[in-house]
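A.B. asks: From first to last, the protein sequence lines stand for chains V and E. Under the numbering used here, the first residue of the first sequence carries the number 1, and numbering increases by one thereafter. Under the numbering used here, the first residue of the second sequence carries the number 1, and numbering increases by one thereafter.
Derived from the structure by calculation, the hints contain no laboratory data. Do not take every clue at face value.
[To be verified] A partial selection of chain E residues facing chain V, derived with a Cβ cut-off under 8 Å:
{"#": "1", "residue": "LEU50"}
{"#": "2", "residue": "TYR79"}
{"#": "3", "residue": "SER85"}
{"#": "4", "residue": "ASN88"}
{"#": "5", "residue": "PRO106"}
{"#": "6", "residue": "PHE233"}
{"#": "7", "residue": "GLY234"}
[Claimed, not checked] Cβ pair distances, simulated, as ranges:
{"#": "8", "chain 1": "V", "residue 1": "LEU136", "chain 2": "E", "residue 2": "ASN36", "range": "36 to 42 Å"}
{"#": "9", "chain 1": "V", "residue 1": "LEU329", "chain 2": "E", "residue 2": "LEU173", "range": "39 to 45 Å"}
{"#": "10", "chain 1": "V", "residue 1": "TRP326", "chain 2": "E", "residue 2": "ASP154", "range": "42 to 48 Å"}
{"#": "11", "chain 1": "E", "residue 1": "VAL169", "chain 2": "V", "residue 2": "ALA206", "range": "24 to 30 Å"}
{"#": "12", "chain 1": "E", "residue 1": "ASP115", "chain 2": "V", "residue 2": "ALA209", "range": "42 to 48 Å"}
{"#": "13", "chain 1": "V", "residue 1": "LEU210", "chain 2": "E", "residue 2": "ASP154", "range": "37 to 43 Å"}
{"#": "14", "chain 1": "E", "residue 1": "ARG110", "chain 2": "V", "residue 2": "PRO92", "range": "28 to 34 Å"}
{"#": "15", "chain 1": "E", "residue 1": "ASP168", "chain 2": "V", "residue 2": "LEU136", "range": "25 to 31 Å"}
{"#": "16", "chain 1": "E", "residue 1": "GLU112", "chain 2": "V", "residue 2": "TRP326", "range": "41 to 47 Å"}
{"#": "17", "chain 1": "V", "residue 1": "LEU26", "chain 2": "E", "residue 2": "GLU112", "range": "37 to 43 Å"}
{"#": "18", "chain 1": "E", "residue 1": "HIS247", "chain 2": "V", "residue 2": "LEU329", "range": "42 to 48 Å"}
{"#": "19", "chain 1": "E", "residue 1": "MET1", "chain 2": "V", "residue 2": "PRO92", "range": "53 to 59 Å"}
{"#": "20", "chain 1": "V", "residue 1": "PRO237", "chain 2": "E", "residue 2": "GLU112", "range": "26 to 32 Å"}
{"#": "21", "chain 1": "V", "residue 1": "LEU29", "chain 2": "E", "residue 2": "LEU103", "range": "39 to 45 Å"}
Here the structure is a predicted model, which means the values were calculated and not measured. Backbone N, C-alpha and C fix where the C-beta goes; we use that ideal spot for every residue, glycine too.
If you want the building blocks of each chain, they are given just below.
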Amino acid sequence: MKSWRTSSTRRGRALLLGLLCGLVLLSALLSMCLGASPISPRDILPALLNEGDTAAAQIIRYARLPRTCGCLLAGAALAVSGAVIQSVLDNPLAAPNIIGVSSGAGLAAALCGALAPAAGGLIPAAAFAGALAAVLLVLFIAERTGASKLTLVLAGVAVSGMFSAGIDAVVTFIPDALNGWSDFRIGGLSNLAMGRIIPAFWVVLAAMALIFSLAGEMDILMLGGDTAQSLGVRAKPLRLILLALAAALAGAAVSFSGLLGFVGLIVPHIMRRLLGEDSRPLLAGCALGGAAVLTLCDLLARLLFAPYELPVGIVLSLAGGPFFIWLLLRQRGGRSHD
Amino acid sequence: MIELQNLSAGYAGRDVIQGVSLSFPPGRVLALLGPNGSGKSTLLRAVLGLIPKSGGQVLMDGAPLETLSPRERARKAAYLPQTRSVPNITARRMVLHGRFPHLSYPRRYRREDYDAVDRALELAGAAGTADRPMGELSGGQRQRVYLAMALAQDAPTLLMDEPTAFLDVGHQLRVIATARGLARAGRAVALVLHDLPLALRGADDIALLSGGRLAMGGTAEDVYASGALDQVFGVSLRRVETASGWHYYYE
Numbered sequence: 001m002k003s004w005r006t007s008s009t010r011r012g013r014a015l016l017l018g019l020l021c022g023l024v025l026l027s028a029l030l031s032m033c034l035g036a037s038p039i040s041p042r043d044i045l046p047a048l049l050n051e052g053d054t055a056a057a058q059i060i061r062y063a064r065l066p067r068t069c070g071c072l073l074a075g076a077a078l079a080v081s082g083a084v085i086q087s088v089l090d091n092p093l094a095a096p097n098i099i100g101v102s103s104g105a106g107l108a109a110a111l112c113g114a115l116a117p118a119a120g121g122l123i124p125a126a127a128f129a130g131a132l133a134a135v136l137l138v139l140f141i142a143e144r145t146g147a148s149k150l151t152l153v154l155a156g157v158a159v160s161g162m163f164s165a166g167i168d169a170v171v172t173f174i175p176d177a178l179n180g181w182s183d184f185r186i187g188g189l190s191n192l193a194m195g196r197i198i199p200a201f202w203v204v205l206a207a208m209a210l211i212f213s214l215a216g217e218m219d220i221l222m223l224g225g226d227t228a229q230s231l232g233v234r235a236k237p238l239r240l241i242l243l244a245l246a247a248a249l250a251g252a253a254v255s256f257s258g259l260l261g262f263v264g265l266i267v268p269h270i271m272r273r274l275l276g277e278d279s280r281p282l283l284a285g286c287a288l289g290g291a292a293v294l295t296l297c298d299l300l301a302r303l304l305f306a307p308y309e310l311p312v313g314i315v316l317s318l319a320g321g322p323f324f325i326w327l328l329l330r331q332r333g334g335r336s337h338d
Numbered sequence: 001m002i003e004l005q006n007l008s009a010g011y012a013g014r015d016v017i018q019g020v021s022l023s024f025p026p027g028r029v030l031a032l033l034g035p036n037g038s039g040k041s042t043l044l045r046a047v048l049g050l051i052p053k054s055g056g057q058v059l060m061d062g063a064p065l066e067t068l069s070p071r072e073r074a075r076k077a078a079y080l081p082q083t084r085s086v087p088n089i090t091a092r093r094m095v096l097h098g099r100f101p102h103l104s105y106p107r108r109y110r111r112e113d114y115d116a117v118d119r120a121l122e123l124a125g126a127a128g129t130a131d132r133p134m135g136e137l138s139g140g141q142r143q144r145v146y147l148a149m150a151l152a153q154d155a156p157t158l159l160m161d162e163p164t165a166f167l168d169v170g171h172q173l174r175v176i177a178t179a180r181g182l183a184r185a186g187r188a189v190a191l192v193l194h195d196l197p198l199a200l201r202g203a204d205d206i207a208l209l210s211g212g213r214l215a216m217g218g219t220a221e222d223v224y225a226s227g228a229l230d231q232v233f234g235v236s237l238r239r240v241e242t243a244s245g246w247h248y249y250y251e
């Protein structure tokens, strides 16, 4: 399987990242054009520039554009969050939805909806707080018990279960908490409005910028705590900062897309295999790949049983699971220790 | 130069090393010897501040360790740990990480860093594998890449924890030869070793640890002559003079 081998040369990586950029653009274009009523690519630009008031322009502006932006943003945020969490915890099984970061964000969002239904703008902040609480809890357990990689994931699963139960409890007592957000548990991006995306967008932008600026530190952290420290990195505070940023990304995504699984687990793994473990290209690949994967899955969710729509979370799991298993079967190796 | 004064350190309130005074003078190779569990690795980790000390003092160029930032420490001492991860990156990239203490946030590697990496790869004998992924290298090749990473750090003191572990005889001798070359170039080199004959032939000085204390320290010749090695390890080490110098063997 030569074609799946890590491309370690600069040129190979640049080419791959270029291809991913193209894929993102293509998926965004398709997402704008296809759906219950197909729209010609020619009509998109005028609609985006606020020209014309045709039905097509309305659909683009109020349905397809928010949805496409939401997919791109949530996909990129979750994939980068997953890559950071995996690197920092040095654990390939970790991902925002597995170690409870997503459900922590979800619980906080549900609580926010239940207690202050009018303050929709607070949801991203609440989701961030919830995600951060979950990540700190898992980190605390890991440090306290000196936990092995498996224990850490199990602790995360327990945390995730508790927060999920919390979401169910909130929704049971206050059915309006998630305001008819029927897809929240599985993750869905229908009925998105730009207003819900924009606060999350700023959070994602800031967190991504900071994470990219810490890519060099992430590289060093991957060499192990002792080596990192002997190279002048303060490992503990750095881990905390990176996990907090990963939580911010996951929280922002959850605040408008619900509990999407799998993007944060699969995309980093694919990118690690394609691009290697250098943090800067890896993170860039994750952002692009996550955006493309989620947008394409959302497109499938819309088209497969049109005019009925599936929540994208279902497509993601159905397509992502088998693909991931295939990848595991075809490839061996990854990280090992001397 | 790094000096330890009466240093005690350990884990979870239990001292593994107690009252060790030792220095790592430039231009010399020091072998840290001692039975398993005698505190060799702990000593190195305490010197670098990777574990907190419970007593005594570590001085780096006269300054107490606590007063230096992690980055300042990293520019004074490079460390080759016993367990080393093998990330999916190229050897050259790995060595480039050794330049990290010389950069400030946000880290961008400069031309001079790449030059230092090339020099380090050459010096460690790893230039041939520079562009291959770490995962594809053999144990000996990886070891040289790690050594190159420590060299790229350009620190005056180099601390290596079992650099010869899992290496065949040829590679072991090459590690010692590299250490000698570095000492000749003015660096202080300290190695944790298990092979007593290798240490006696390759090192200028020996620090012998036993039960967390410094049982004996001095030149290799003095330590051998004192018989302390025989006592601590429970062996009888002897030597014969040959055309190429002393050869050591167990009786």
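A.B. asks: If any of the earlier hints don't hold here, list their numbers in rising order.
C.D. replies: 6, 7, 11, 12, 13, 15, 18 and 19
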